[in-house]
Each structure stands twice: as structure tokens, then as C-alpha cells.
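Enquirer: Protein sequences, first through last, are from chains A and B.
Letter by letter, the first sequence follows residues 125 to 318 of the numbering used here.
Letter by letter, the second sequence follows residues 125 to 318 of the numbering used here.
Hints were generated in silico from the structure; no laboratory data involved.
Any given hint might turn out to be false.
Since the list gives no way to pick one copy over another, a pair counts as held whenever it fits inside one copy or between any two copies.
Below, in silico cross-link-like pairs of lysine to any residue (SDA-like), each with a Cα-Cα straight-line distance of 25 Å or less [as the list claims (entries may be wrong)]:
1. K216 to M125
2. K300 to G223
3. K300 to T219
4. K300 to M125
5. K216 to P135
6. K300 to P225
7. K300 to E168
8. K216 to R306
9. K300 to R285
10. K216 to M142
11. K216 to E264
12. K300 to G224
13. K216 to P273
14. K216 to S259
15. K300 to G272
16. K216 to A229
17. K216 to E265
18. K300 to I131
19. K216 to L299
20. K216 to D291
21. K216 to D294
22. K216 to G297
23. K216 to S308
2 protein chains.
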Amino acid sequence: MQPQSIIVEMPSWIADEMARRPSLYPELDARVQLVIEFSRLNVEHDTGGPFAAAVFEEESGRLVSIGVNRVVPTSVSSAHAEFTALALAQQKLGTFDLGGPGMPAHQLVVNWRPCTMCFGAVIWSGVRSLALAGSGVAVEEVTGFDEGPMFDNWIEELNARGIEVLDNLDREGALKVFRYFRDSAKIVYNARKG
Amino acid sequence: MQPQSIIVEMPSWIADEMARRPSLYPELDARVQLVIEFSRLNVEHDTGGPFAAAVFEEESGRLVSIGVNRVVPTSVSSAHAEFTALALAQQKLGTFDLGGPGMPAHQLVVNWRPCTMCFGAVIWSGVRSLALAGSGVAVEEVTGFDEGPMFDNWIEELNARGIEVLDNLDREGALKVFRYFRDSAKIVYNARKG
Chain A
125 MQPQSIIVEM
135 PSWIADEMAR
145 RPSLYPELDA
155 RVQLVIEFSR
165 LNVEHDTGGP
175 FAAAVFEEES
185 GRLVSIGVNR
195 VVPTSVSSAH
205 AEFTALALAQ
215 QKLGTFDLGG
225 PGMPAHQLVV
235 NWRPCTMCFG
245 AVIWSGVRSL
255 ALAGSGVAVE
265 EVTGFDEGPM
275 FDNWIEELNA
285 RGIEVLDNLD
295 REGALKVFRY
305 FRDSAKIVYN
315 ARKG
Chain B
125 MQPQSIIVEM
135 PSWIADEMAR
145 RPSLYPELDA
155 RVQLVIEFSR
165 LNVEHDTGGP
175 FAAAVFEEES
185 GRLVSIGVNR
195 VVPTSVSSAH
205 AEFTALALAQ
215 QKLGTFDLGG
225 PGMPAHQLVV
235 NWRPCTMCFG
245 AVIWSGVRSL
255 ALAGSGVAVE
265 EVTGFDEGPM
275 FDNWIEELNA
285 RGIEVLDNLD
295 REGALKVFRY
305 FRDSAKIVYN
315 ARKG
């Protein structure tokens with residue numbers, strides 16, 4: 125017998141933190157600071173890895189969803205922050221396509237460049253914009269996480285599919301959380317090392 | 125407000141079909157035929173795209189989980205068959221790492237080569253073997269699905285992470301289902317076309 129459903133639960137602090145914050149983020153920097161702060165909160169609460177992502181309506185800045193890494197607590201190796209934020213937005217809006225007809229353009233904001241898997245997840249999601257605090261091997265050097273093979277031309281591949289990429293919006297802010305995570309000595313869960 | 129959890133439900137026919145089948149598949153060909161059959165059943169029942177995947181204990185052939193594509197019915201663009209099969213196995217076994225200490229080696233069997241996203245998902249899952257009915261652009265030519273950019277050296281990338289790849293185990297059998305899907309004119313849900 126296998127489970128009837130896959131269930132990926134968000135930690136309870138997310139709803140509390142969202143309730144006491146604005147629902148509109150017109151400025152891009154405020155969107156980036158929100159995901160960096162949630163990446164830190166996920167480490168502080170010991171509810172997953174140091175990653176957070178959020179879906180916004182690109183123009184208005186309305187926050188649609190925010191997700192954090194939930195790999196270890198939910199026993200799902202794909203429960204990266206990009207996956208959780210995108211799926212929460214899609215289930216909230218009732219569509220697998222965040223770029224569907226009649227919808228406002230959506231932007232995914234992440235505290236670091238997506239790994240190989242999440243790079244693909246971004247393409248399938250329907251978002252029109254990907255905004256990143258930073259990218260590159262620094263995350264692997266600091267945390268020990270493996271991000272998998274990555275296309276040298278990843279930005280062009282996204283652009284070719286109608287997704288703009290904004291990078292290096294706050295590298296140092298993101299790296300501070302990765303260092304905090306490293307120093308708190310949490311589990312680094314790359315399955316392939318198992 | 126966003127949902128507290130992401131829920132990806134399997135169609136009810138899966139449990140029925142599993143109940144009347146063996147739980148052991150010592151022969152690789154029987155594993156491949158099982159996923160091809162489930163890919164067809166998913167189209168027949170109109171419960172998702174023409175893709176199925178299953179996790180087996182590699183040596184004994186014990187079936188751990190079987191998942192199908194659930195993108196449209198669950199409004200989750202990442203709910204590809206590889207994702208669902210891997211997450212079902214991981215939540216059933218209570219671990220994000222199917223290659224963890226003391227566990228038997230696990231094999232993922234799929235009715236076609238994983239897309240970009242699922243290529244990454246396989247790496248993070250902890251499986252030691254990936255067995256495919258077929259690979260290449262034929263699926264895109266027949267169904268219109270975009271599989272995303274793919275590494276030319278995808279097999280070497282998986283091998284380098286301790287995952288063996290067995291390909292072309294039944295191309296024609298898999299393609300038959302893709303043609304059946306095409307001829308039944310189901311939705312092709314690539315978000316980027318939206």
C-alpha cells in the first residue's frame with residue numbers, strides 16, 4: 125500500500141509571519157528582502173533548509189504565495205522552496221499555469237538561483253519573471269549543498285521561454301543566511317551522499 | 125491567505141489496479157510494462173498526462189510506489205510522474221533519501237526520459253538506477269510536449285552521481301501510448317504556451 129496523496133505541509137509560523145506583514149510589495153527590493161528573511165526564519169525555526177521563494181503579481185507586487193524548503197520535515201526530496209512556492213500559488217489560484225489567459229504576469233523571487241530541478245520547475249510554472257538575490261557556486265561553497273549540473277546559458281534558456289531573469293539583487297544578504305545555516309550545523313541532505 | 129499544505133492526490137483507480145497485481149517484479153521488462161500500462165490507464169481514465177513512473181527495490185523487484193502525471197487535475201505544474209512516484213515512495217518509507225544507510229538500492233522506472241525538472245528530481249531522490257522505456261525527441265514530436273533543455277551528457281551526469289541508466293527498454297510500447305494520447309486530443313499543458 126502506498127499513500128493516496130502526497131502532502132507537503134508548510135510550517136505553522138508562515139501563516140503568522142504573513143499575517144503581520146503587508147500583502148503588497150511594489151518595490152522589487154522589498155520582495156527580495158522578504159524571501160531572504162523567510163530563508164533565515166526557516167533555519168531559526170529548524171523547519172527546513174535555508175531557502176525561501178515567493179510568487180508575486182509582477183506589476184502590483186501582490187504577494188500570492190511564499191514557500192520554504194521542506195525536504196527533511198516532509199520526507200520529499202523535491203520539496204525545495206521554488207517547488208513549494210509555485211505549487212502553493214497554483215493550488216491557491218486553481219490553475220497549473222501562472223501565465224494562463226487573462227491572468228496578471230507572475231514573478232518568482234528566490235534567495236538563490238534554482239538548482240537543476242527547480243530550473244525546470246520554473247519553466248513549467250508559467251511565471252514570466254525570475255528574480256534572484258544571487259547565483260553561482262557560493263551557495264555550494266558555504267553550505268555544502270550540491271545544486272546539480274547547470275546550463276551555462278541558463279539565462280538564455282529562460283529568456284527563450286518568455287521568462288526574464290533579474291540576478292544579484294542582494295548576494296550578500298542571501299550569503300549571510302547561508303553562513304548562519306552553516307554555523308548552526310544543520311543537516312545537509314543531498315541524497316546522493318547517502 | 126495561502127493553503128497550509130500542497131496536496132497532490134493520486135487517482136482512485138491506482139489503488140484498485142495495484143491491488144489486483146503482483147507486488148514483486150523480479151524481471152526488468154515486467155517493471156517497464158507496468159509503467160507503460162499505467163501511462164495508458166492515466167489517459168483512459170482522463171486523470172492526467174500519458175506518463176507513469178514507479179519505484180522498485182532494485183534487487184528484489186518489490187514495488188514501492190507508482191505515480192502518474194497529475195499536472196492538470198491537481199493544478200501543480202511539477203506533478204510529473206517522476207515527482208509523484210518518488211514522493212510517494214519517500215513519504216511511504218518516511219525518508220527523503222531512497223539511498224540512505226541501511227536501505228536496499230532503489231530503481232526508478234519511467235515510460236520516457238525525464239524532462240529537465242525531473243532529471244534534477246532523480247538526482248536528489250537517492251535512487252541508484254533509472255530505467256527508461258525510451259528517450260529523445262520522439263515524445264515531443266508525437267505529443268507536442270516540451271521536455272525543456274537537456275544536457276547532451278545527461279547519462280554521464282547521472283552516472284557521476286552513482287545512478288546507472290538503462291534506456292530503450294521498450295520505445296515502441298511507450299510511443300504507442302503517446303500516439304493514443306495524441307489521437308484522443310487531450311490538453312497539452314505546457315505552461316509556457318499559455
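Enquirer: Each hint needs a verdict: does it hold in this structure or not?
Expert: Cross-check of the supplied hints:
| no. | hint | result |
| --- | --- | --- |
| 1 | K216 to M125 | between (29 Å within a copy, 8 Å between copies) |
| 2 | K300 to G223 | neither (33 Å within a copy, 31 Å between copies) |
| 3 | K300 to T219 | neither (35 Å within a copy, 29 Å between copies) |
| 4 | K300 to M125 | neither (44 Å within a copy, 29 Å between copies) |
| 5 | K216 to P135 | both (17 Å within a copy, 20 Å between copies) |
| 6 | K300 to P225 | neither (39 Å within a copy, 32 Å between copies) |
| 7 | K300 to E168 | within (13 Å within a copy, 51 Å between copies) |
| 8 | K216 to R306 | neither (33 Å within a copy, 30 Å between copies) |
| 9 | K300 to R285 | neither (32 Å within a copy, 29 Å between copies) |
| 10 | K216 to M142 | within (15 Å within a copy, 31 Å between copies) |
| 11 | K216 to E264 | neither (32 Å within a copy, 30 Å between copies) |
| 12 | K300 to G224 | neither (36 Å within a copy, 30 Å between copies) |
| 13 | K216 to P273 | neither (32 Å within a copy, 29 Å between copies) |
| 14 | K216 to S259 | neither (29 Å within a copy, 34 Å between copies) |
| 15 | K300 to G272 | within (22 Å within a copy, 33 Å between copies) |
| 16 | K216 to A229 | within (16 Å within a copy, 37 Å between copies) |
| 17 | K216 to E265 | neither (36 Å within a copy, 33 Å between copies) |
| 18 | K300 to I131 | neither (31 Å within a copy, 33 Å between copies) |
| 19 | K216 to L299 | neither (31 Å within a copy, 35 Å between copies) |
| 20 | K216 to D291 | neither (27 Å within a copy, 38 Å between copies) |
| 21 | K216 to D294 | neither (29 Å within a copy, 39 Å between copies) |
| 22 | K216 to G297 | neither (29 Å within a copy, 37 Å between copies) |
| 23 | K216 to S308 | neither (34 Å within a copy, 30 Å between copies) |
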